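Undergrad: Line by line, the protein sequences are chains E and X. Just so it is clear: in the first sequence, position 34 is 34 by the UniProt record's numbering, and no numbers are missing. Just so it is clear: in the second sequence, position 392 is 392 by the UniProt record's numbering, and no numbers are missing.
Calculated from the structure, these hints are not laboratory results. Do not rely on the hints blindly, as some may be mistaken.
If several chains are the same, the list does not tell them apart, and a pair holds so long as it fits within one copy or across any two.
What the hints assert, rightly or not - SDA-like, lysine to any residue: derived pairs with alpha carbons at most 25 Å apart:
1) K118 <-> T326
2) K399 <-> G387
3) K118 <-> L324
4) K87 <-> E53
5) K87 <-> E67
6) K118 <-> A31
7) K118 <-> Q329
8) K118 <-> Y3
9) K118 <-> V2
10) K118 <-> A101
11) K118 <-> A328
12) K118 <-> G327
13) K118 <-> V330
14) K87 <-> Q116
15) K118 <-> P80
16) K44 <-> P80
This one's a predicted model, so the numbers in the text were calculated from it and none came from an experiment.
Residues per chain, in single letters:
There are 2 protein chains.
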Amino acid sequence: MVYRVGLLGLGTVGTGVVQILQRPGHPLLRAVDIGAVGVRSLDKPREVQIPPERLTTDLERIVSDPEIDIVIELLGGLEPARSLILKAIDHGKQVITANKAVIARYGAEIFQAAAQAKVSVLLEAAVAGGIPILQPLQQSLRANHLQAVWGIINGTTNFILSQMTQEGISFEEALAIAQARGYAEADPSADVEGWDAADKIAILASLAFGLPVEREHIPCEGIRDISATDIRYAREWGFTFKLLAIAQSSPRAASSAGPSRLDIRVHPTLLPLTHPLASINGVDNAVLVQGDPLGQVVLSGPGAGRGPTASAVVGDLLTLIAHLQTGAQVPNPLLGFPPLLPFSAGGAEPPQLQVGIPLAELEAEFYVRVLAQDQPGVIGAIGTCFGNHRVSLESITQKECHREQAEIVILTHTVREADCQRAIAEIRQLPQVAGIPGLFRVLR
Amino acid sequence: MVYRVGLLGLGTVGTGVVQILQRPGHPLLRAVDIGAVGVRSLDKPREVQIPPERLTTDLERIVSDPEIDIVIELLGGLEPARSLILKAIDHGKQVITANKAVIARYGAEIFQAAAQAKVSVLLEAAVAGGIPILQPLQQSLRANHLQAVWGIINGTTNFILSQMTQEGISFEEALAIAQARGYAEADPSADVEGWDAADKIAILASLAFGLPVEREHIPCEGIRDISATDIRYAREWGFTFKLLAIAQSSPRAASSAGPSRLDIRVHPTLLPLTHPLASINGVDNAVLVQGDPLGQVVLSGPGAGRGPTASAVVGDLLTLIAHLQTGAQVPNPLLGFPPLLPFSAGGAEPPQLQVGIPLAELEAEFYVRVLAQDQPGVIGAIGTCFGNHRVSLESITQKECHREQAEIVILTHTVREADCQRAIAEIRQLPQVAGIPGLFRVLR
Ligand SMILES: NC(=O)c1ccc[n+]([C@@H]2O[C@H](COP(=O)([O-])OP(=O)(O)OC[C@H]3O[C@@H](n4cnc5c(N)ncnc54)[C@H](OP(=O)(O)O)[C@@H]3O)[C@@H](O)[C@H]2O)c1
Ligand SMILES: NC(=O)c1ccc[n+]([C@@H]2O[C@H](COP(=O)([O-])OP(=O)(O)OC[C@H]3O[C@@H](n4cnc5c(N)ncnc54)[C@H](OP(=O)(O)O)[C@@H]3O)[C@@H](O)[C@H]2O)c1
Numbered sequence: 001m002v003y004r005v006g007l008l009g010l011g012t013v014g015t016g017v018v019q020i021l022q023r024p025g026h027p028l029l030r031a032v033d034i035g036a037v038g039v040r041s042l043d044k045p046r047e048v049q050i051p052p053e054r055l056t057t058d059l060e061r062i063v064s065d066p067e068i069d070i071v072i073e074l075l076g077g078l079e080p081a082r083s084l085i086l087k088a089i090d091h092g093k094q095v096i097t098a099n100k101a102v103i104a105r106y107g108a109e110i111f112q113a114a115a116q117a118k119v120s121v122l123l124e125a126a127v128a129g130g131i132p133i134l135q136p137l138q139q140s141l142r143a144n145h146l147q148a149v150w151g152i153i154n155g156t157t158n159f160i161l162s163q164m165t166q167e168g169i170s171f172e173e174a175l176a177i178a179q180a181r182g183y184a185e186a187d188p189s190a191d192v193e194g195w196d197a198a199d200k201i202a203i204l205a206s207l208a209f210g211l212p213v214e215r216e217h218i219p220c221e222g223i224r225d226i227s228a229t230d231i232r233y234a235r236e237w238g239f240t241f242k243l244l245a246i247a248q249s250s251p252r253a254a255s256s257a258g259p260s261r262l263d264i265r266v267h268p269t270l271l272p273l274t275h276p277l278a279s280i281n282g283v284d285n286a287v288l289v290q291g292d293p294l295g296q297v298v299l300s301g302p303g304a305g306r307g308p309t310a311s312a313v314v315g316d317l318l319t320l321i322a323h324l325q326t327g328a329q330v331p332n333p334l335l336g337f338p339p340l341l342p343f344s345a346g347g348a349e350p351p352q353l354q355v356g357i358p359l360a361e362l363e364a365e366f367y368v369r370v371l372a373q374d375q376p377g378v379i380g381a382i383g384t385c386f387g388n389h390r391v392s393l394e395s396i397t398q399k400e401c402h403r404e405q406a407e408i409v410i411l412t413h414t415v416r417e418a419d420c421q422r423a424i425a426e427i428r429q430l431p432q433v434a435g436i437p438g439l440f441r442v443l444r
Numbered sequence: 001m002v003y004r005v006g007l008l009g010l011g012t013v014g015t016g017v018v019q020i021l022q023r024p025g026h027p028l029l030r031a032v033d034i035g036a037v038g039v040r041s042l043d044k045p046r047e048v049q050i051p052p053e054r055l056t057t058d059l060e061r062i063v064s065d066p067e068i069d070i071v072i073e074l075l076g077g078l079e080p081a082r083s084l085i086l087k088a089i090d091h092g093k094q095v096i097t098a099n100k101a102v103i104a105r106y107g108a109e110i111f112q113a114a115a116q117a118k119v120s121v122l123l124e125a126a127v128a129g130g131i132p133i134l135q136p137l138q139q140s141l142r143a144n145h146l147q148a149v150w151g152i153i154n155g156t157t158n159f160i161l162s163q164m165t166q167e168g169i170s171f172e173e174a175l176a177i178a179q180a181r182g183y184a185e186a187d188p189s190a191d192v193e194g195w196d197a198a199d200k201i202a203i204l205a206s207l208a209f210g211l212p213v214e215r216e217h218i219p220c221e222g223i224r225d226i227s228a229t230d231i232r233y234a235r236e237w238g239f240t241f242k243l244l245a246i247a248q249s250s251p252r253a254a255s256s257a258g259p260s261r262l263d264i265r266v267h268p269t270l271l272p273l274t275h276p277l278a279s280i281n282g283v284d285n286a287v288l289v290q291g292d293p294l295g296q297v298v299l300s301g302p303g304a305g306r307g308p309t310a311s312a313v314v315g316d317l318l319t320l321i322a323h324l325q326t327g328a329q330v331p332n333p334l335l336g337f338p339p340l341l342p343f344s345a346g347g348a349e350p351p352q353l354q355v356g357i358p359l360a361e362l363e364a365e366f367y368v369r370v371l372a373q374d375q376p377g378v379i380g381a382i383g384t385c386f387g388n389h390r391v392s393l394e395s396i397t398q399k400e401c402h403r404e405q406a407e408i409v410i411l412t413h414t415v416r417e418a419d420c421q422r423a424i425a426e427i428r429q430l431p432q433v434a435g436i437p438g439l440f441r442v443l444r
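Please model the complete structure; the sequences and the hints are all you need to start from.
TA: What follows is the structure, given as structure tokens:
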């Protein structure tokens, strides 16, 4: 049996996929024939050889071609990717994609359509590149009551933070290096504002907690405001900065009724240097999964790049072909994305989770850096503001003075964010205070 | 549809499996009924409630009971585990096991039988406890040409080495702590001699490289000879001691013909503190997988214990049920262990790998600690011996003197092991030399 693949896109990842398929690492992949490749330009020089009659700009034809069994979408962007995926499903094709943006926004629509058409949509490459994370979350780890998924899932920002940490340079300098090396785009917003990480944690959270997660319910803060100074002070206290994407079930206080809540967010975080995610540097990604009775596992490796991403795409292709070869009549319920389907279908109650908690309601320790006039009494005034809002402090230190200014760095105990924000607002009003350039959460 | 499970063994892991199944984390697991549980003693108090009529000492009956669909073997040991697994297969049952000892020795026999009976034998829990590693190696990572699998896959020895490193204590003291905490058995040989790690790397290597690995082809050295002194000196140079299980394809020298070779071995290793496996401490396990075009991924987490191991067993059960629900007519070729089957069946040539390389033929850097009389010229004499056998040195240091004795610690460049061994033999003959208590490989 030969499986005919329609490949949409022959860019970074698409080229990597063709390279693997032209020299497959597993015998089952020899059953694959690349029937058609859809691109924007037929004239562009390509790094791989594709018979000219198979290269086309007519992507609509690929996804409706009765000869094609499996469509691999590697275009990127929202449209025409979304429409082509839906059309491929309508025509009964299995689908593989690396497109986190489309899945995070249109996942519900896509997986509903896939369930109706009885096809699978696989997307291992969409999150954390070459690291196996979606399949383990659905299979090996799935017997657990999953409690938390924490990820460093954006390689660009991890590279920038690693550079800032190692070289003591500013965000702008580190961004320029990332751009020069091709790790950041000319407009780096999607990465540095945390939007890409938010797309990915939406996907991880839906899988881990079995419920749809709306992208807009994810509070998201980027890394632009982190300064070399904050990184240095954090380090002195044994912390390192990481852009964390977090999804965890958060039991309500015993007093209040209602379902548990899914705490999901993306923001820069100070992690103790001994934390298992603290040593993930450069463009690497890592995902920590905590479950009961499992405990914690950490999966780490290259989160992007041609080779790792293509490896995940072709891993999905292999998984799909193996499944099709068994004579199965329906999709395997642990492949693709059944959690987004109506829960009644599987006979299960929907999980009792309210998605998204406003940051103000969460608890954390905080790192705060205040610029103030170097006057006696300023530490006392700042401490009093925190006390007024029941924010208890672990440490308050006057760091260094220049031009009559003092830098005062504070580490709080675990407090409600709303209380900390109120204290901060009061501190901003103090006559001695010039500004609060650093305010970050500390997690352990 | 209800799937009836026959559970063989209700000890540490078996009890954990029942606990998960009595409070399942995934709706598909509600289709599981624990039809029978086989134990040695009916009178032992149990931590979980099993209806008395389902508890039996007649394990033969469980594996031949037509009502049972899936047999989970959690007895441990070679017999009767092997015979019961084979009998279950003969009776057409799907099998799940956590028994690395049986699989490492009788895997070929068992998987051959499973292929004939068209059933799957799953064993995620047999290697690295709760860490998903066998499924990723077979699915998400399988599109790669796998080059190396390095593992810290014995929690007992990793705990002992971590204790020795953190507390500066001896092997015997650390072993006693491990025994007191239940991490080491009264007879700790299987762990500390590296035999358990060898069982597991045999399984990992067969999966990763797609060929049967005979347990006897794996050179294996334990951790008994590591002293607190060696750990301290290694640390000063930026290394930490780990018991590594290694499987990697080793291309022959360009000059020589013949297939590539599979370098597979277990021994204590000095790793740079910056190595991704260097920070795996305590009873945790980790597996590093390197492939082309993937690069390196590292999967880490709890390598043993009731919860993590049961999590992996029930993960396999879920995978199996999901597969059975699809109406598949044959086992999924990416579940269980097809690589041990005759390769012609899949239309693939057998991989061109010769399994096992004598350590003497391998290359490494070496750490050597020599006890010698504190006399002028001794460093020169030792250096000359190394030079005689073309062992080039990175560093040779006289550490401290007590009772007229000097400790001389050497780090070589990368050399053939046979050359290093010849130099060591010559050094042993030097009149000034009292002994060579430390000789270990350094890998990066
Ligand atoms: N690159 C990574 O490291 C990475 C990692 C993880 C996930 N991903 C995801 O993988 C997907 C592909 O990324 P990539 O880096 O390979 O993108 P890319 O290099 O920009 O390639 C995109 C390809 O799609 C084609 N294409 C785009 N829009 C098209 C249209 N409207 N009609 C026809 N063809 C069109 C382009 O054709 P032309 O060649 O003719 O221009 C090109 O071949 C994205 O969803 C991305 O998020 C990428
Ligand atoms: N423990 C771990 O952390 C761990 C981790 C990874 C893999 N594993 C593997 O999991 C398997 C089970 O380990 P375990 O720690 O759960 O072992 P265990 O605590 O010693 O339990 C063994 C169970 O099997 C029963 N049993 C043993 N021999 C029997 C026989 N001949 N007839 C009937 N019943 C018999 C015992 O019955 P009684 O209760 O009546 O004595 C007991 O219930 C082993 O293969 C082990 O290598 C264990």
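Undergrad: Hint by hint, note whether the structure agrees.
TA: We went through each hint and held it up to the structure:
no., hint, verdict
1, K118 <-> T326, "both (16 Å within a copy, 11 Å between copies)"
2, K399 <-> G387, "within (21 Å within a copy, 55 Å between copies)"
3, K118 <-> L324, "both (12 Å within a copy, 16 Å between copies)"
4, K87 <-> E53, "within (22 Å within a copy, 55 Å between copies)"
5, K87 <-> E67, "within (15 Å within a copy, 44 Å between copies)"
6, K118 <-> A31, "both (22 Å within a copy, 22 Å between copies)"
7, K118 <-> Q329, "both (9 Å within a copy, 18 Å between copies)"
8, K118 <-> Y3, "both (17 Å within a copy, 23 Å between copies)"
9, K118 <-> V2, "both (20 Å within a copy, 23 Å between copies)"
10, K118 <-> A101, "within (23 Å within a copy, 41 Å between copies)"
11, K118 <-> A328, "both (11 Å within a copy, 14 Å between copies)"
12, K118 <-> G327, "both (14 Å within a copy, 13 Å between copies)"
13, K118 <-> V330, "both (6 Å within a copy, 20 Å between copies)"
14, K87 <-> Q116, "within (13 Å within a copy, 41 Å between copies)"
15, K118 <-> P80, "within (23 Å within a copy, 43 Å between copies)"
16, K44 <-> P80, "within (20 Å within a copy, 64 Å between copies)"
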